[in-house]
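Participant: Position chains F and H against the provided structure of chain W, taking the given hints into account.
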Amino acid sequence: MSMQITAQNFEANAKKALKDPNLRKAMQIIGGPMASRRVETARELPEFEALRDEGVKIKTHVLKHIDLYLEKFEQQLTARGGKLHWCRTSREARETILALCRSRNAKLVTKGKSMVTEEIGLNAFLEEHGITPVETDLGEYIIQLAQEPPSHIIGPALHKTREQVAELFEEHHPDYELPNVPGVKAGPRSTEPQVLVTEARSVLRDTYFKADVGITGANFLIAETGATVIVTNEGNGDLTQSLPKMHIAVSSIEKVIPNLEDLSTILRILARSATGQEMSCYTTLSCGPKRPEDKDGPEEFHVVLVDNGRSEMLGTELEPLLRCIRCGACMNNCPVYHSVGGHAYGWVYPGPIGAALDPHMIGLETARHLPNASTFCGKCEEVCPMRIPLPDIMRWWREQAHEKQITPPLQRWGIEAWAFAAKNPWLYRLGARVAIGLLNLLGKDKGKFTSLPLVGGWTDGRDFPAPQSGSTFMSQYKKKGQKSGVTK
Amino acid sequence: MTSRDRIFATLRAGLKHTVDDPARPAAVAERINRRTPNLVPQRAQIPHAEQVALFTAKVEALTVTVDSVPAEQDVPGKVADYLARHNLPSQLRVAPDPLLQNLPWSERPMLQVDYGPGRSQDLVSVTPAFAGIAETGTLMLHSSATTPTTLHFVPDHHIVVMKESQITGSLEDAFARLRDKLGTADKSAAENWPRTVNFVTGPSRTADIEGVPVLGAHGPRRLHIVLIADGTP
Amino acid sequence: MSQIDAKPRVALFVTCLVDLFRPSVGFAAIKLMEDAGCIVEVPEAQVCCGQPAYNSGDRKDTAAIAKQVIEAFEDYDYVVAPSGSCGGMIKDHYPALFAADSEWQRRAEDLSGRMHELTSFLVDVLKVQGVQTAPQDVKITYHDSCSGLRELGVKGQPRALLDSIGGLEIVEMQTPETCCGFGGTFCVKYGEVSTDIVSRKTADITATGADLLLAGDMGCLLNMAGKLKREGSAVQVRHVAEVLAGMTDLPAIGEEQK
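Chains as they are written, first to last, in our numbering: chain W, 1 to 488; chain F, 1 to 233; chain H, 1 to 258.
If you are wondering where the hints come from, they were derived from the structure by calculation, not from laboratory data. Backbone N, C-alpha and C fix where the C-beta goes; we use that ideal spot for every residue, glycine too. One thing to keep in mind: the hints can contain errors.
[To be verified] Computed cross-link-like contacts, BS3-like style, restricted to lysine-lysine with a CA-CA straight-line distance of at most 27 Å:
{"no.": "1", "chain 1": "F", "residue 1": "16", "chain 2": "W", "residue 2": "64"}
{"no.": "2", "chain 1": "F", "residue 1": "163", "chain 2": "F", "residue 2": "181"}
{"no.": "3", "chain 1": "F", "residue 1": "187", "chain 2": "W", "residue 2": "83"}
{"no.": "4", "chain 1": "H", "residue 1": "31", "chain 2": "H", "residue 2": "127"}
{"no.": "5", "chain 1": "W", "residue 1": "478", "chain 2": "H", "residue 2": "60"}
[Said to hold, decoys possible] Only some residues are given here: those of chain W computed to face chain H with a beta carbon under 7 Å:
{"no.": "6", "residue": "413"}
{"no.": "7", "residue": "419"}
{"no.": "8", "residue": "452"}
{"no.": "9", "residue": "453"}
{"no.": "10", "residue": "455"}
{"no.": "11", "residue": "474"}
So here's chain W without its partners, still in its complex pose (with noise of 0.2 Å):
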């Protein structure tokens, strides 16, 4: 299914979001478990926070040379017998992989999972072409079952719970059998992750084997080899790769490094900021079909690369989201993304670095609430293993928001007129007494407000504390006449 676009309808998808009893207890898991590995493999690490300067220092030189970089990979791949496709659009990229399938009369398509291709909606492409793709990285395939679009960057299933895995399994695999897995007990539909997981595994096994295409996407491009990576957990990418007679990497220009020693570095940061893992279980380099003598892999190589408006980032104040590694760790720990999940953004990128990309991607317009709806409490920036400035870029938007006049009129008027007040402090202060003296007259004996008009927001799920006195600390201390003396 590809990904239709739901981010305008921010705040209404976060309302049915926080309703969703499944989407909490899924989310518990994320801010939970998934948070607090990342911890402790980090902790584990002494010299974690040096790496991810070097991540930093690493990505911040390829960026400045990224077209001598991707120069000499596009030189090395092509070396090796690779075939590199440059597609500055989704659509230019969704019409070079459909004819790259149909070359091979390409009917099954294995995929190993792949944001990038989330991006450029190809499934649903090569579906209305008459291509069936399959996702094979088990969250990707839930998901493809249940037709919904990713949830979490690399968790892309994590808001179903196995009750719901297995009713899709149940409905779509016609021989669903509880296979037989020792030591774990088989009620008449078991939920058991084990099986599950089981179920999956036996019925893409076949797939595997049938598919004329594979298709993944690529964590790094090395320019020193030519070669693309894929991080794993499952082994699908590997299956998918290596078993059809064309293998498709689907990837983006930001992603090339220099060479494998820059590899080594990051891949020391990648997995523990993703899973809290030291080591994904599967890191593969690519490159190049099968040699002659080889007894087996793919017999056609190629990377579509992909730009989608990345290249006009470069040199603006989007560019550091140009060394984000994709590894999910600013939305596991961000409080926000908690209560709402991933579907609530409203498109691939969901979580800080989907409030922070989202909006070049899809238009400002579209994407305004998503740097908006962030509380700025700077976690994603904390965890980011780039040190990617997500709040600032966040904030960037907002001014442009602001600018633009893409900011709802009122919401604009209020911060102006708030503004012009702050602008003079005798006003300021006038306001604030009268404000406080009101809210003091009418609150003082509860000390609190169980509804206010304005600040519904507030009070529908929160009292709104009273102030302490009918007088600002100004005028107190003034009147006070303390020793040391108001100056000025």
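Facilitator: Frame of chain W; chains F and H shown alone:
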């Protein structure tokens, strides 16, 4: 203008005044050929004997089982034991690698050994590895005429036969060894780079259902290492 | 500047929320700094730090407000706020507002160098080891406000000062560093999300069994107090300065006035 040209034009526009800096190409060439590691964690920079111990501890923590044997001729026995332990049929799909082909498999007549890439019916594969990386308990394997990589992913059980001398400290150490092996008089390591290099850290796993870790998602459910104690390189 | 030399002249940046909602925090801050040997003054020309405009994308008004703040606090050795949020705004963000104006940038940087959050000023600058406050038999839990923690490194300082109070016991939350969901205008604009975030926070607070919740920022305190009150919780909520200064005779935040 091709898409390639347009992408590069936008990139170069974004680089603004630095784009014509004559030092850029040299900086890129230098970095690509540098071969010097960035920061390598202390834990990897230890004597070889400690690397072996760390490697073993790290893989075992990932549920990988390890059999240490004094010599190559002891490998078939340990492989047979592994099959018995897991109630597996005695069929092995083995990488056509000289080390493995020269093992005395015939001393275990029950074992049916055949050589070639992984097939859907294969339950157990036996392969060599290029290196073991102590830092994280990671195996480094790569494709070649004698090491088809489907053996690393298709079977349920993957048995790796390797020597202690193949254990290194860090990822960078392993890459350096691979470059040394691949580089020839007339070609650089990059020019001889294999189709694929696999880093394997424990058996296949997933946590995609409710975050519960489950082994054996699509790749091998179990990973077993037979480690030949040949000492320090 | 040590206490033996001439007493440092410190300006209190009151902050809007203390000015409006909790004047006692301002007086507590003055007491704490005077006890530590400072001359404390309160420049009347001060207004808001401009954060609401800044975080709403109104950079022009923010810069205009910031200039007033910079001018109002030009002559002091130090400027101290009982808030990590306003403190962080002035210390961390002001200089960046004037990237195109070197004179104002210099002045912003000068202020940034003199700007401190209250507990951090006491511990890191004045080297205060503890406070002279009567023992309080109370179990407290401390919420690390985001800006104070991440922009100004406020973490150990309030705890060190609290530790010096006899009878006071600190019980940590599971995630004291997790945002309470206040987020300035966020708490009204995305009220339901904000309420959901603070409900996780209050669950964490309640689980500690503490009698009293402390923090160094009025925004977070109003938010958490409001949620605790709505839940009918008995946990009291105060600004850390009130407890450090021993000024706990006034009702806690959101409590009925006696």
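Participant: Now tell me if each hint is right for this structure.
Facilitator: Here is what the structure says about each hint:
1. Only pairs whose Cα atoms come within 27 Å are accepted, and residue 16 of chain F paired with residue 64 of chain W is accepted, the gap being roughly 10 Å.
2. Only pairs whose Cα atoms come within 27 Å are accepted, and residue 163 of chain F paired with residue 181 of chain F is accepted, the gap being roughly 16 Å.
3. A distance of roughly 21 Å separates the Cα atoms of residue 187 of chain F and residue 83 of chain W; the hinted pair therefore holds under the 27 Å criterion.
4. Under the criterion of a C-alpha separation no larger than 27 Å, the hint pairing residue 31 of chain H with residue 127 of chain H is consistent with the structure, at around 16 Å.
5. This hinted pair does not check out: residue 478 of chain W and residue 60 of chain H have alpha carbons roughly 32 Å apart, beyond 27 Å.
6. The closest approach between the C-beta of residue 413 of chain W and any C-beta of chain H is roughly 11 Å, which is over the 7 Å cut-off, so the hint fails.
7. The closest approach between the C-beta of residue 419 of chain W and any C-beta of chain H is roughly 4 Å, which is under the 7 Å cut-off, so the hint is satisfied.
8. Nearest Cβ of chain H to the Cβ of residue 452 of chain W: about 10 Å, over the 7 Å cut. The hint is violated.
9. Here the hint on residue 453 of chain W is broken, as its CB sits about 12 Å from the closest CB of chain H, past 7 Å.
10. A least Cβ separation of about 5 Å between residue 455 of chain W and chain H falls short of the 7 Å threshold, and the interface hint therefore holds.
11. Using the Cβ-Cβ criterion of 7 Å, the hint placing residue 474 of chain W at the interface with chain H is satisfied: the shortest such distance is roughly 6 Å.
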